[in-house]
Amino acid sequence: MPKISIVTRKAIGGSYVALSSKQMGSDVAFAWPTAQIAVMGPEGAARLLHGRQIRDSEDPAATEMQFIAEYRERFFNPYRAADLGQIDEVIEPKETRPRLVRALEVLQTKVAPTVAKKHGLFPV
68 MPKISIVTRK AIGGSYVALS SKQMGSDVAF AWPTAQIAVM GPEGAARLLH GRQIRDSEDP
128 AATEMQFIAE YRERFFNPYR AADLGQIDEV IEPKETRPRL VRALEVLQTK VAPTVAKKHG
188 LFPV
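For the sequence shown, the tail end lands on 191 under the numbering used here, and the numbers increase by one without skipping.
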């Protein structure tokens, strides 16, 4: 059975990994340019990674917003996920149907690997 995933919006942390990601065996993974894919959301990441700098700054709110914006730009996008191999390709929404059709054509002859049994049943 072919497994194809398309990330259209948010795919954050464990929920993304569990929902037909490449890491969980998806054959093909696409994402729209609007997708937001990352280990964690930008707010949480900014606080976790730069909490001390935020607290010690003269304007904590502005500093936090700066780190959030930086995280969004560097990590919270489908292009970074594609660079890391989590997504096969970033596609435009209008390309979705043709890409799905092509992926299904390519995968129609897919044979699921069967796992050899370590110990079969022995007649008694």
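Don't read these hints as lab results, they were simulated from the structure.
Please note: incorrect hints may appear among the correct ones.
[Claimed, not checked] Derived DSS-like pairs (lysine-lysine); straight-line CA-CA distance at most 27 Å:
no.: 1; residue 1: Lys70; residue 2: Lys89
no.: 2; residue 1: Lys77; residue 2: Lys161
no.: 3; residue 1: Lys177; residue 2: Lys70
no.: 4; residue 1: Lys70; residue 2: Lys161
no.: 5; residue 1: Lys77; residue 2: Lys89
no.: 6; residue 1: Lys177; residue 2: Lys89
no.: 7; residue 1: Lys89; residue 2: Lys161
Name the hints, by number, that the structure is in violation of. Checked against the structure, no hint fails, so every one of them is satisfied.
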